[in-house]
Each structure stands twice: as structure tokens, then as C-alpha cells.
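There are 2 protein chains.
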Amino acid sequence: MQGLMMDRQLLISAIIDHAASYHSDTEVVSVNTKGGQHRTNYAEIRKRALKLASVFNKRGMAKSDRIATIAWNNFRHLELYYAISGNGQVCHTINPRLFADQMTYIINHAEDRMIFFDATFLPLVDGLRENLKTVDAFVLMEPRDDETAEKYPWLEFYEDLIESGDDDYHWPEDLDENDASSLCYTSGTTGNPKGVLYSNRSTLIHAMMSATPDVVNLSARDCLLPVVPMFHVNAWGTAYAAPMVGTKMVMPGPNLDGKSIATLFNQEKVTVSAGVPTIWAGLIDFLEQSGEKLPFLKRTVVGGSACPPSMIEKFRTDYDVEVLHAWGMTELSPLGTVNNLKNKHDALDNDEQENLRCNQGRPPFGIELGVFDDEDNPLAEDGQAQGNLYCRGYWVLNNYFHSEGDDLRNGNWFPTGDVATIDEDGFMTIRDRSKDIIKSGGEWISTVELENLALGHPAIADAAVIAAKHPKWDERPLLLLVEKPGSEFTESNMNEIYDGKVAKWWVPDTFRVVDEIPRNATGKVRKNLLRETFGDSLMDDPKLA
Amino acid sequence: MQGLMMDRQLLISAIIDHAASYHSDTEVVSVNTKGGQHRTNYAEIRKRALKLASVFNKRGMAKSDRIATIAWNNFRHLELYYAISGNGQVCHTINPRLFADQMTYIINHAEDRMIFFDATFLPLVDGLRENLKTVDAFVLMEPRDDETAEKYPWLEFYEDLIESGDDDYHWPEDLDENDASSLCYTSGTTGNPKGVLYSNRSTLIHAMMSATPDVVNLSARDCLLPVVPMFHVNAWGTAYAAPMVGTKMVMPGPNLDGKSIATLFNQEKVTVSAGVPTIWAGLIDFLEQSGEKLPFLKRTVVGGSACPPSMIEKFRTDYDVEVLHAWGMTELSPLGTVNNLKNKHDALDNDEQENLRCNQGRPPFGIELGVFDDEDNPLAEDGQAQGNLYCRGYWVLNNYFHSEGDDLRNGNWFPTGDVATIDEDGFMTIRDRSKDIIKSGGEWISTVELENLALGHPAIADAAVIAAKHPKWDERPLLLLVEKPGSEFTESNMNEIYDGKVAKWWVPDTFRVVDEIPRNATGKVRKNLLRETFGDSLMDDPKLA
Numbered sequence: 284m285q286g287l288m289m290d291r292q293l294l295i296s297a298i299i300d301h302a303a304s305y306h307s308d309t310e311v312v313s314v315n316t317k318g319g320q321h322r323t324n325y326a327e328i329r330k331r332a333l334k335l336a337s338v339f340n341k342r343g344m345a346k347s348d349r350i351a352t353i354a355w356n357n358f359r360h361l362e363l364y365y366a367i368s369g370n371g372q373v374c375h376t377i378n379p380r381l382f383a384d385q386m387t388y389i390i391n392h393a394e395d396r397m398i399f400f401d402a403t404f405l406p407l408v409d410g411l412r413e414n415l416k417t418v419d420a421f422v423l424m425e426p427r428d429d430e431t432a433e434k435y436p437w438l439e440f441y442e443d444l445i446e447s448g449d450d451d452y453h454w455p456e457d458l459d460e461n462d463a464s465s466l467c468y469t470s471g472t473t474g475n476p477k478g479v480l481y482s483n484r485s486t487l488i489h490a491m492m493s494a495t496p497d498v499v500n501l502s503a504r505d506c507l508l509p510v511v512p513m514f515h516v517n518a519w520g521t522a523y524a525a526p527m528v529g530t531k532m533v534m535p536g537p538n539l540d541g542k543s544i545a546t547l548f549n550q551e552k553v554t555v556s557a558g559v560p561t562i563w564a565g566l567i568d569f570l571e572q573s574g575e576k577l578p579f580l581k582r583t584v585v586g587g588s589a590c591p592p593s594m595i596e597k598f599r600t601d602y603d604v605e606v607l608h609a610w611g612m613t614e615l616s617p618l619g620t621v622n623n624l625k626n627k628h629d630a631l632d633n634d635e636q637e638n639l640r641c642n643q644g645r646p647p648f649g650i651e652l653g654v655f656d657d658e659d660n661p662l663a664e665d666g667q668a669q670g671n672l673y674c675r676g677y678w679v680l681n682n683y684f685h686s687e688g689d690d691l692r693n694g695n696w697f698p699t700g701d702v703a704t705i706d707e708d709g710f711m712t713i714r715d716r717s718k719d720i721i722k723s724g725g726e727w728i729s730t731v732e733l734e735n736l737a738l739g740h741p742a743i744a745d746a747a748v749i750a751a752k753h754p755k756w757d758e759r760p761l762l763l764l765v766e767k768p769g770s771e772f773t774e775s776n777m778n779e780i781y782d783g784k785v786a787k788w789w790v791p792d793t794f795r796v797v798d799e800i801p802r803n804a805t806g807k808v809r810k811n812l813l814r815e816t817f818g819d820s821l822m823d824d825p826k827l828a
Numbered sequence: 284m285q286g287l288m289m290d291r292q293l294l295i296s297a298i299i300d301h302a303a304s305y306h307s308d309t310e311v312v313s314v315n316t317k318g319g320q321h322r323t324n325y326a327e328i329r330k331r332a333l334k335l336a337s338v339f340n341k342r343g344m345a346k347s348d349r350i351a352t353i354a355w356n357n358f359r360h361l362e363l364y365y366a367i368s369g370n371g372q373v374c375h376t377i378n379p380r381l382f383a384d385q386m387t388y389i390i391n392h393a394e395d396r397m398i399f400f401d402a403t404f405l406p407l408v409d410g411l412r413e414n415l416k417t418v419d420a421f422v423l424m425e426p427r428d429d430e431t432a433e434k435y436p437w438l439e440f441y442e443d444l445i446e447s448g449d450d451d452y453h454w455p456e457d458l459d460e461n462d463a464s465s466l467c468y469t470s471g472t473t474g475n476p477k478g479v480l481y482s483n484r485s486t487l488i489h490a491m492m493s494a495t496p497d498v499v500n501l502s503a504r505d506c507l508l509p510v511v512p513m514f515h516v517n518a519w520g521t522a523y524a525a526p527m528v529g530t531k532m533v534m535p536g537p538n539l540d541g542k543s544i545a546t547l548f549n550q551e552k553v554t555v556s557a558g559v560p561t562i563w564a565g566l567i568d569f570l571e572q573s574g575e576k577l578p579f580l581k582r583t584v585v586g587g588s589a590c591p592p593s594m595i596e597k598f599r600t601d602y603d604v605e606v607l608h609a610w611g612m613t614e615l616s617p618l619g620t621v622n623n624l625k626n627k628h629d630a631l632d633n634d635e636q637e638n639l640r641c642n643q644g645r646p647p648f649g650i651e652l653g654v655f656d657d658e659d660n661p662l663a664e665d666g667q668a669q670g671n672l673y674c675r676g677y678w679v680l681n682n683y684f685h686s687e688g689d690d691l692r693n694g695n696w697f698p699t700g701d702v703a704t705i706d707e708d709g710f711m712t713i714r715d716r717s718k719d720i721i722k723s724g725g726e727w728i729s730t731v732e733l734e735n736l737a738l739g740h741p742a743i744a745d746a747a748v749i750a751a752k753h754p755k756w757d758e759r760p761l762l763l764l765v766e767k768p769g770s771e772f773t774e775s776n777m778n779e780i781y782d783g784k785v786a787k788w789w790v791p792d793t794f795r796v797v798d799e800i801p802r803n804a805t806g807k808v809r810k811n812l813l814r815e816t817f818g819d820s821l822m823d824d825p826k827l828a
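In order, the protein sequences belong to chains A and B. Using my numbering, you'd call the opening residue of the first sequence number 284 and step up by one each time. Using my numbering, you'd call the opening residue of the second sequence number 284 and step up by one each time.
Some hints here could point you the wrong way.
A pair counts as met if it fits within one copy or between any two copies, since identical chains are not told apart.
List time: in silico EDC-like cross-link candidates among lysine to aspartate or glutamate, alpha-carbon distance up to 20 Å [to be verified]:
1. K627 <-> D308
2. K552 <-> D632
3. K718 <-> D819
4. K552 <-> D629
5. K330 <-> D450
6. K597 <-> E413
7. K330 <-> D443
8. K597 <-> D290
9. K477 <-> E758
10. K627 <-> D659
11. K477 <-> E433
12. K627 <-> E327
13. K334 <-> E551
14. K627 <-> E310
15. K627 <-> E551
16. K330 <-> E707
Calculated directly from the structure, the hints in this document are not laboratory data.
Could you build the full structure based on these sequences and the hints that come with them?
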């Protein structure tokens, strides 16, 4: 016997409909790609998204056709999110930091039919254009300007499309909540990117849980500045969760340096933000040099890679900003865990609480985690046993786009590729990527933990630890670091970092100073590159003799 | 093309599974029906719920069979919620404040097969038993005691059932999220109660949105004491939302007086509560007499009937407790609107904010509201136009249980029976029940507004306003009031209440002092009874001549 409640589909169009009805004048403030700011609101965004959607029909876009974006966080990008998914097409967000050949690969693999892009990426698209097999339309996300139109005769202009749209268009009524809504390719450190195809349903359930207090904690009282880009996992889902609960949005456009972000925070009284650790490092640098404060910002979600404990502490102590340490993946829409303490932890003292806040946190309802050994046997969730982290839930990938194999393990678990521990309270600690972890004399050493400690040292601007081959122990940790300007890093600094903080056999045998730590398009350290360069460097180190 | 995310059903069993995995030792504290307190946790509750579910199978309960509860808020009631719905049966919660003939009616109408009840209700059930046609088992929610067993040989004991359950039982895997999960009958002021049959899906979507900051705002940092009973609309859904996010729960059992509630609040450091205005009036009375404070309580949801503005102000000013004024219905699972201000309202001064907080609030994502005239034409949402309030959404009733007609209007709107206004920001104000509103000289007068003002007067303990027949104006407002002990209410008090607060023609022509305002099982004023007694009393009033 079924329940007798209304049968309504969980559709992305319902989010912007709600925002336009009940938060019609709630602002969306954007930094324009070409400079200056633009102010609009949810009612206007819905109206323009509908006009744009009507244009997709005129252009012959069929249900589930892919329409791509290469764009910063701004109001037009938000309009595209709702126009495309609301109309039943698939919004394929492309990370502009990918290599050109990766971009060509994914556009052809996704069979994108239109591409919308910001002015920054016009030269990039011009270069890619000839190799794209399926794209009928290239749309610059700007009003028409004659000079550009003349120079690029194949180019269309966003505002022309809006202008040509119907004023009385309605969302299609035949969409199913399981229909595909959006597509994002992973930026693996090796191999071709793989596509994750979200559904309307997975997106909405993720957005609902994202808004809850122990996840991103969003309300109509808040003002959110997503530093995390809309071209990567839908700005961690905030592009859906914020309109869903009527949060004011501030879109930083292309300017992600510390000064620009700090200025926007204070000008727009931003209360909550989200981004990767490198962005926050830049912000803190600016604040320390300028002496500026953040009087309105209350909390920020930090994820994408492990957040150094020193950064969490500085935000809390010096700027009264709560850092929510989070972990996610493109395959998880992306939220997997967020670090929020529990009622019982009120009884802990400050140091104990601070310590607890440094792990990746616990899963919200909708996500289930497990750790498994290499034979897929479940391991204890006791905070000690480290194993392969698997995941399942309402917003977890089942198969990659156009994948022919089975992308799950043990029947129905998604293997994250991370090595982790989970404690009795569900708090999860990423120990390493399984391909990065150091296997030294049969024991595992976490490069993440060694990096976090190194990043707290005043002479170090950036750092990575890799597994270097070793004649006796198979692998040993090697610290690679970028010195802060004016600093010189020495062996005795090594002792300052690690003495008494980790087991003696974990301490890197030595270090190498480098100019830069190489990162991929989403800011992850490309350890495979580092291993190519430095992986053999301990083999003939005289100290090992 | 469908998205490629995991296909997982939104099931009530998933809530308690999550709570038991990630909030295993989070406490559920209960006041026992027979006195004393009991402490358990989510892991234990799940374990016992599974044992109990295995017993349902042994007893031959089929999928969607109804199993009833007549019980206070306590841990066994919570176990039953998950055992019954988790196992695919339908949890039919019965309001013990219904009249005996209404109870007999709904138990037979629902075709309940088992009834679980607290010791308080043993005499009640004993009295009903002979008229119940479908019930095979009567289970007292206590351990076995020989004296009671001897006196009532037809009785079974809850702890015996648990004892006989299987330790290794698992939830059935063939449940669909649209399967019925629970059943609650409305307590209309007239006519037979009507059943609202919730589904797993509607319950979970409601719970997810309930937990968000602008609705009940629940997290694992919180401790919730639901004063609102689990026998009425699932304690406003908190019995699902709290375990979903790992909130500690404190269950008050049968003791809902001000002193008991205040003591529990402070003993267990309760941070959030929910209940009807009459409960809070009792609490405030106790606090004022005893001088006690509420140092831990941060906020409380008030709904069920309109909350007098004087109460909202007192909670905020004297006790630093935020009152979230809410509106809901059994047919809405029940949350329809909650009053939370928006980002832009930060610019308002205190008085303006206070004023805004007095209406019923705005709908969360998932609920859509509209006001319509008597011919079903939509009216403006401008805060002025008052009309029939209709509603639709993911957790709104489509049809009553065993209903033969169409229970919706205009195709797909549920008619709430309320008259309301909605403003541009979505804030809704209930003006009246459509059958209670006063039609005076062709204009409408809100009894709710007149009552709210009266309840702020120091000489008035309780009040209701009804439409009394009038020879010239068709209907005129009549104030019925209960005097506070030691007070005497006079005509000049009437002027104090209304002068300058409402239009002159709204002011009740006179008042009557009564011993008690009659209320139904959920605390709603039975205005039909009052109209029977007092509806003609103005017709021969000398003042009208």
C-alpha cells in the first residue's frame, strides 16, 4: 500500500521556482569578468533562465543533450545552471584549468552541443574549436560588442540569446527526477578524466542535506560567497543549496586573490564561505600583511585537500571564523563528511575540541562510509584500523559516464581511492591517497600527516611528502618544500617540525627545496610528477649507506 | 537519459541505521510513565526496534498492516516508530485525548491489528476493547508484572515481545520509498476524524528540510525536548529529524506541566524544544512564580494554534529564548511555514523585527502556498488580500485514507480551511479558520487577531472570539474570556485591549465571562460549541436596540 501524499518530482527547476517565489528580491552579487559588479536577484535569474531555456528548444536541443560551460562564478553561470538542467538538458561544467588536450577529450566525450564561456576563456575556446566534433554553438557570456563579433565571426553573445527568448515559457512537465541534470569530469592526477553524471534527484537530496546545520549550514539569514568554483562539482552544491533556502549569494568572478576576497567579504557582509586551503592561505597572507579583519564572516567550509591544523587554528583564534573541515569528491556530489562536533563534546576542553576538529569529520545522513582491507574485508571503525575508504549513498556515483565496466566494489560500494580511519563516532581521517601512501618496511606512513606538520613551519610556504624508493625499507618519506621568501630551511628545522609529533620512523630522512609544488586543475598535488623527479633520489643518498 | 548515481530508497529504516552507526551513544532520555527516568541511545534503540520488527513477522503482520500506538513521548514509542515503519507496517499513532467513540471509530477505520499503549491508557483500552473489530494484540509498554497480568489476562507486555525477538534480524529489502509508513487522524472540531497516510518518502523529505536552519534547525550539537506529542503528527516530524542529524532527545513522558518541563530543560541542558502555546503558557507561569531561568534553552518552535505576540516577546526578553512561530497541519506532515527573518531584515530596527516575527512565517523549500477567492481564482500575494489558503508540496496530503472523493481543489492544491494573507516575501498570516471568520456588514473580521490582543491583557487567563448573530450586521465579534484568579474584567478593560489597535468596527460589542474555553484533542478551540451556546446572545442584547 502506498502512502497518500502528493507525487512530486525532485527537480532542479523547483529550486529556482521556490527562490523566485519566496526570496524574489534576495540578491545575487557578481564580480564581472571584465571588471565592475552586477546586482540581480532570484526572481530575475529565474526569468532569464526561462527565456534562455526557450532558446535551447528553438536551437533543437533534445532532452539530455549536453550543454557546456567554461565560466567563473557569476550570475550568468547561475542562470545557465537552471536554464540547462531545468529544461531537461545536461549542464556540463568544464574546469578551465585542465590541459587543452584534456578539455578537447571531455568535450568530445560528453558530445557537448553548445558551449557557454566567459571572456577570459575566449582565446582558449578559439584554440580548441577546430578539434571539437559535436559543438554547434559557441556563446560568449557577455552582451554583444561589435569589435569582438567582427574578430570572431563564429561567436554568439549571451545577451542576444536572452533577448531572443520567450517571455512566457514554462519548464517542461515531463521530466523525471532520475533524469540526468549535470555532468562534471574528475580531474584525476593520471589518465583521462572520467565523467560523473548527476541526476535531478541526487542533486536535490544533496542540496537539502547540505543546508543542514552540521553540513554547510545555510539559511535566508546568511550571505554566501562560494570561492569554490561553479566549474568544479557545482561549487560543492552551494549553487543549489543557497537558492533552495534563500541565501544571498556573492560571486567572486575571476578574482580569487586574498585582497579581492577580503574586500568582497566585508563589502557584502558575507557570513559563510567555502573553498580549498590554497585560497585561504592567500587570504590569510593578505590579512596578516594588511591588518584587515573579517567582522562579518562566521564560518567557512574548507575541503578539496586536507586543511593544515595551523590554518584551522589561525582562523579561529585570529579572525573568529569557524573552519568546517570537509571531505568530498566529484563522485560524491561532492559532500562526504564535514567536521562538526557533537553534543557530548561540549564536555571536552578547548585543546581536545581543537584536536577533534582537525580530522575530515563525519558523514551526514545519506552517506555511509566503510574501511576495507585489500581483499575487501571490512575493518574496525575504531579510529585505529586504516584501510581503503569506500562510500555509498543517495548522491554517490554508481557508474562513470560511458563507463563499460563496474565502477563499484563489493557489489555496491564506491571505492574512493583514499586510505582512512573511521572512529566510533563516525569521524573520518584521510591518511592518504592509496597510491601516495608510503609503505616503509611493511608499515604505512601518511604523507598527509607529514605535510600538515610541515605546513605549520614558519620557513615553509608549500610542501609535499612523497614515497621515495629506498634500498632497505622499500620506501621512505621525502619532504619537498618551497621556502618562504627570505627563509632558509635546514636539517634542524626538520627536527622542529617532527620531534615528538610522530613516531621516529615516520620522520622524513631528508628534504629537497623546490621552486613550486605542482598541482592539477583542482589544486591537488601531482605526486606522480614529483615521484618521477625525486622518487629515486634517496637510492644514492650517502646518508643511507 | 538517467543520471548515474546510486539508486537508494528514502526509507525510515535508513534514519535509525544512520543514527546507530554515526551517533551510536547519543542519548535518548525518557521520563517513564510510572515515574523515574530511563537513559538509552540510538544504537540500543535500533537494536531493540529490529528485535521487535522480527516479532511482527512472527505474528503474521503483512506489509502495510496497521499497528497502533497510544503513548507518551518515551523511548519505547520511538522504538515502535522505527520497528513498525522500518519493517513495512504502518505506524498508526492515536491521540489519547480523542473521545472514546472517536478512538473506536479510527481504530476500526484503520483496521489496526495490534495496539501498543502506555500504562496511563490501560483503563481506556480496557474500555474500548470490546468494540474493536480488527485488533489481535494489546501490548502494554512496560515490563511484565504479575499483578497486572492476572487482572488483565488479554494483555501482553512490551518487554516480553522484545525478549522473544531475533538478535540477527535485518530490515526487509523489498520496501519502496512510496510505501505507506505511518497514519495519523486529524482531530477536526466537527465530523469524524480523517486519516492522513504518510509515505517513507514524504517523511524523509520532510525530515531533511525540518533539520535546516530556517525550519527546526537541528544538529548533533543540540538537545531536543519535544513537548509536542508523538501521538500527534509524529511530534511534528522531530522523531525522524532528530535521529537523522544525531540530536540528543529528551522525552517528557506524561508530565507536561511547567515545573516538570523546566526541570528537564535545565537538568538535561535542552537547547531546543517544540510545542503548542498552552504548554508554553504553563511554563511561563511556573517560571514567573518560581523565579527559575532557562540558561540552556536557545529556541522553541511554537505552533498548533496562533502564538500570542505577548508570549513571543516574553520568551525573548525575559528568558533569551528565540520563539519560532510556525504553522502546520496533520495533512502537511505537519510543517507548512516557520517564521525566520531574512538577510535583508538585519537592516530593520528591533520593533520592526519583533512585528515581523508575529506572523506564521514563510514556507521552506518543498512547500508552495497560494491564496484563492471562493471561486478558486488566485489572489495577490501582497500581504493585503485575504483568501482561502491552499498548499502543495512533497509532504502534503493527496487523499485521505479510504477517501472516495477528490480531496484537492483546482486540480492539485490542498485546501487548508484557513483564511490567510501572504506577503511579497512569502510571510503568511493566518487570519482565521474559514468557518470561524466573522462576516460583519460584508467585511471580514479575524477572530485570531482579536484573541491575540485579548490574551495580552493581565486580567485574562484564556479567551476566544466568535461570530455572534446580529440583526443589523449579520455577524459581530463576541469576546469570551476566562478571568485570571483575583481579577475582574470590565468594559473599560475592553477599551484597553482594542483602542487604537484595530479598526473601531472590529472591536467586539461586548464580552462574556466563562469558566473554561472548550478545546479539542489537539488544543484547538471548539468554536462550534461556543457558537451553539453564545451565537444568539447578541440578538436580544439591549445595547443593540
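Cα distance capped at 20 Å. Does K627 pair with D659 within a copy, between copies, both, or neither?
Classified as neither: same-chain Cα gap 33 Å, cross-chain 52 Å, threshold 20 Å.
20 Å Cα threshold - placement of E707 relative to K330:
Between copies, since 17 Å is at most 20 Å while 48 Å is not.
Taking 20 Å as the upper bound on the Cα-Cα distance, should K718 and D819 be classified as within, between, both, or neither?
within (17 Å within a copy, 85 Å between copies)
Could you place K330 and D443 in one of the four classes (within, between, both, neither) given a Cα distance threshold of 20 Å?
within (15 Å within a copy, 62 Å between copies)
How would you label the pair K477, E433 (within, between, both, or neither) given a Cα cut-off of 20 Å?
Answer is neither: 37 Å inside a copy and 69 Å across each miss the 20 Å cutoff.
Is it within, between, both, or neither for K334 and E551, if the alpha carbons may be no more than 20 Å apart?
neither (29 Å within a copy, 54 Å between copies)
With 20 Å as the alpha-carbon cut-off, assign the pair K627 and E327 to within, between, both or neither.
between (45 Å within a copy, 17 Å between copies)
Go through the copies and call it for K597 and E413: within, between, both or neither, with a Cα cutoff of 20 Å.
neither (48 Å within a copy, 70 Å between copies)
First find the shortest C-alpha distance between K627 and D308 inside one copy, then the shortest across copies, and answer within, between, both or neither for a cut-off of 20 Å.
between (40 Å within a copy, 9 Å between copies)
At most 20 Å between alpha carbons: which applies to K552 and D632, within, between, both or neither?
The answer is between: 18 Å across copies meets 20 Å, while 31 Å in one copy does not.
Alpha-carbon proximity context of K330 and D450, limit 20 Å
within (8 Å within a copy, 57 Å between copies)
Is it within, between, both or neither when you check K597 against D290 at 20 Å Cα-Cα?
neither (49 Å within a copy, 41 Å between copies)
In the structure shown, a violation is registered for the earlier hints numbered 6, 8, 9, 10, 11, 13, in ascending order.
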